[in-house]
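Visitor: Chains as they are written, first to last, in the working numbering: chain A, 1 to 357; chain B, 358 to 751.
Among the hints, erroneous ones may be present.
Cβ-to-Cβ under 10 angstroms is the rule here; a few derived chain A residues that face chain B [what the hints assert, rightly or not]:
(1) P39
(2) M53
(3) F108
Here chain B is said to cover these stretches of chain A; the calculated rule only asks that three of the stretch's residues, wherever they fall, bring their Cβ under 8 angstroms from a Cβ of chain B [what the hints assert, rightly or not]:
(4) 60 to 70
(5) 142 to 155
Below, in silico cross-link-like pairs of lysine-lysine (DSBU-like), each with a Cα-Cα straight-line distance of 30 angstroms or less [unchecked claim]:
(6) B:K472 / A:K163
(7) B:K737 / A:K78
(8) B:K360 / A:K73
No lab work stands behind these hints: they were computed from the structure.
What you are looking at is a predicted structure, and each value in this text was computed from that prediction instead of being measured.
Cβ coordinates follow ideal geometry from the N, Cα and C atoms, glycine included.
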Amino acid sequence: MTHVVVAMSGGVDSSVAAVLLKEQGYQVSGMMLRLWSEPGKENSNRCCTPDAMSQARRVAARLDIPFYVVDAKEIFKKTVVQSFLDGYAQALTPNPCLVCNRHIRWEFLLNQALALGADFMATGHYVRLKLAEDGTRQLLRAFDPAKDQSYVLSVLRQDQLQKALFPVGDYPKPEIRRIAEAHGLAVAKRPDSQDLCFLAGEDYRHFLQRNAPEILIPGEIVNRAGQVLGRHTGLANYTIGQRKGLGLASAIPLYVLGKTAATNQLIVGGAAELGARELLATGVNWQSGQSPLGLFRAEVKTRYTAQAAGGWVTPLEGSSQAAVVFDSPQRDITPGQAAVFYDGDQVLGGGVIVQFK
Amino acid sequence: MNKPIYFDYAATTPVDLRVLKAMLPTFSENFGNPSSVHRFGQRAEAALETARETIAATLHCDPDEVIFTSCGSESDNLALRGAAFAQREKTGANQILCSRAEHPAVTKTALQLEKLHGFQVEWLAVDATGMVRPSALEKALCEKTALVSVMYANNEFGTINPIAELAEICRERRVLFHSDAVQAAAYLDVDVTRLGVDLLALGAHKFYGPKGVGALYVRRGTGLIPHLTGGGQEFGLRAGTQNIPLIVGLAEALHLTVTEREARSAHLRPLRDKIIGTVLETIPEAQLSGHLEARLPNHASFIFKNADGNSLLQLLDAAGFACSSGSACKTGNPEPSEAITSLGFCREWALGSLRVTLGASSTAEEVEQFVKKLPELVAKARGLLNFRPGALEE
């Protein structure tokens with residue numbers, strides 16, 4: 001019997017993933033990561049509070065599947081939280097979910113699942129998989145475009161995809177809730193998760209103030225011409241495209257256009273100055289395992305919530321980097337976030353944005 | 358997957374069918390309240406007092422020295438809290454002596470007495486096998502000592518303490534001596550006359566009785582302040598209508614245990630020794646935790662360097678073996694227990710603890726399967742602990 005470990009969070013999606021796999025005839029076990037929380041905020045961590053854990057345990061009991069909690073506190077802190085802090089220290093807007101999926105869920109936990117004897121690991125992510133003729137597995141956008149999570153799974157390599165199952169990606173979210181209810185799962189009505197799990201429901205700025213106050217160095221706010229318009233409280237407190245909270249008196253609304261780490265300057269400008277046509281991404285992962293031969297057309301997504309936009313992608317530096325030229329200027333391209341390349345529904349790969357212009 | 362093999366009898370045991378049979382009539386037929394005047398009450402009272410006599414006979418004490426409680430932990434609580442308050446009132450002594458290897462039912466109670474009620478807790482030293490030596494007790498006793506609590510046999514590493522000697526020392530100094538015999542009662546002599554203890558805690562589900570019932574032996578003349586007050590049941594020491602079915606189950610289970618003790622030990626000791634011998638021989642960087650000889654006959658416990666006990670338990674469960682560990686908890690927190698830490702192991706050893714406890718249904722074949730599989734699983738658990746992010750990308 002094929003054995004699947006479901007990475008459970010206590011939420012409705014991973015719970016229904018377990019239900020679906022069990023119905024499909026797999027031997028199913030549940031595993032849950034115990035992740036890092038700030039000392040004193042253990043009860044606010046979104047997805048591994050004692051409450052979430054007991055929810056997951058109850059679902060597993062209801063399905064009569066084994067359930068194991070795996071401690072990942074230290075490795076999560078060293079890997080995900082540290083890169084989050086490092087990213088902000090380098091004037092980026094890091095995306096810790098990408099790091100977590102790459103190193104914690106789909107390496108650390110997958111490794112645990114395989115050691116347990118599993119053939120596959122499943123999560124409650126809204127994405128689909130397709131087996132290509134050459135045996136490779138392709139990651140596709142979810143059936144429900146509103147819930148699609150292919151952006152954060154663009155970090156998966158072919159060897160990880162070979163071990164992955166995503167049972168909920170074929171369903172619209174309301175259907176998933178209906179299945180949960182039909183199975184009497186108490187999680188059916190739990191609200192969808194949002195925000196980063198380790199921020200304990202707070203603004204990330206509070207987290208930075210507590211955990212890395214040294215990176216919040218006040219500096220100048222300048223316009224593109226270099227004219228000083230005011231003072232900022234630390235580059236990490238601002239995100240590209242942000243309008244509110246700049247504390248500047250100006251005739252026209254001002255937006256954050258960019259950050260210059262070397263001079264600790266925050267660059268602002270009017271709405272007309274927003275947008276860029278080109279970006280450079282590094283650490284690019286090509287999901288097929290094969291680098292593209294050269295320039296190709298793709299739809300490119302630059303944030304989890306952004307719409308994909310058409311453009312040309314050029315692999316560089318032995319394809320570990322990629323340059324993107326969009327057909328039209330894109331707003332809010334943000335260094336530290338991923339640029340993810342799509343061919344229709346299929347994820348080709350992605351990398352971390354380091355520059356834009 | 359094969360039928361899972363249960364090697365966690367120190368956690369709990371199944372109810373012996375003979376025990377269940379003894380209990381059944383007391384649910385709906387003989388259902389009375391033993392405090393009632395009428396015939397229904399009288400019949401229930403008869404069942405209760407027969408159970409008390411049975412237990413008294415196995416403990417070699419008088420029936421009115423046996424108090425029924427809801428579990429071993431409650432017995433420990435009543436013993437510590439009840440005796441500490443009573444002794445302080447009587448003599449002014451306010452010190453409690455126990456070791457860090459005690460069950461949390463004892464250590465947490467002692468710590469609460471210290472934190473909220475002005476008692477003072479001193480920790481008795483244990484040797485590397487987890488044993489409280491008489492010399493350590495002699496050294497720690499002082500005029501302020503009100504109560505000493507030393508467990509008969511340790512739940513996590515199986516070591517048996519020299520209770521008779523320790524109790525003797527306390528009696529000479531007129532200090533009360535309590536022993537938690539929750540693990541020990543399944544396999545060791547619980548003759549309180551021979552042991553010389555003032556208080557002794559039992560829990561039925563460790564010896565094929567039901568969960569939710571325990572007993573406390575209280576030597577005549579030992580002052581106890583009750584912590585459950587009310588209707589005056591249990592000689593005023595533990596209020597609440599007695600749970601007759603469970604109490605009857607406790608008595609029957611203890612009676613069977615005492616009758617069959619030698620045979621049970623004779624069955625399990627060679628199986629235990631097979632596990633200990635093979636594990637130490639076949640697994641590198643493995644140590645026995647606890648005492649090699651002075652240990653419970655069904656209890657094998659180890660620590661493995663650089664392995665997470667929690668991972669090992671999960672791997673074992675997936676492979677069909679239900680075991681336990683002194684560092685594992687269901688929430689995945691990898692902290693080693695106080696008891697394992699008290700043995701003096703450093704962290705890279707203490708995290709990798711494993712407890713294998715045998716029981717009635719254990720067979721040589723099960724043990725054979727287990728010792729054959731374990732080396733591979735320990736190696737796997739060690740591999741998991743060495744995981745480095747990004748390692749797969751190279």
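Visitor: Confirm or reject each hint.
Guide: Here is what the structure says about each hint:
Residue-level restraint check for A:P39 is violated (minimum Cβ-Cβ distance to chain B is 14 angstroms; threshold 10 angstroms). Proximity of A:M53 to chain B holds as hinted, the smallest CB-CB distance being about 6 angstroms (cut-off 10 angstroms). With a cut of 10 angstroms, the hint placing A:F108 at the interface with chain B holds, because the nearest CB-to-CB distance is about 6 angstroms. Figure legend: the stretch 60 to 70 of chain A, annotated as covered by chain B; annotation consistent (4 residues with Cβ-Cβ distances under 8 angstroms, at least 3 required).
For the stretch 142 to 155 of chain A, the stated coverage by chain B is violated: 0 residues have a C-beta nearer than 8 angstroms to a C-beta of that chain, whereas at least 3 were required. Distance restraint check for B:K472 and A:K163: the Cα-Cα separation of roughly 52 angstroms exceeds the 30 angstroms cut-off, and the hinted pair is therefore not satisfied. Between B:K737 and A:K78 the CA atoms are separated by roughly 23 angstroms; this keeps the pair inside 30 angstroms, and the hint holds. In summary, the hint linking B:K360 to A:K73 is not supported, as the alpha carbons are separated by about 33 angstroms, beyond the 30 angstroms threshold.
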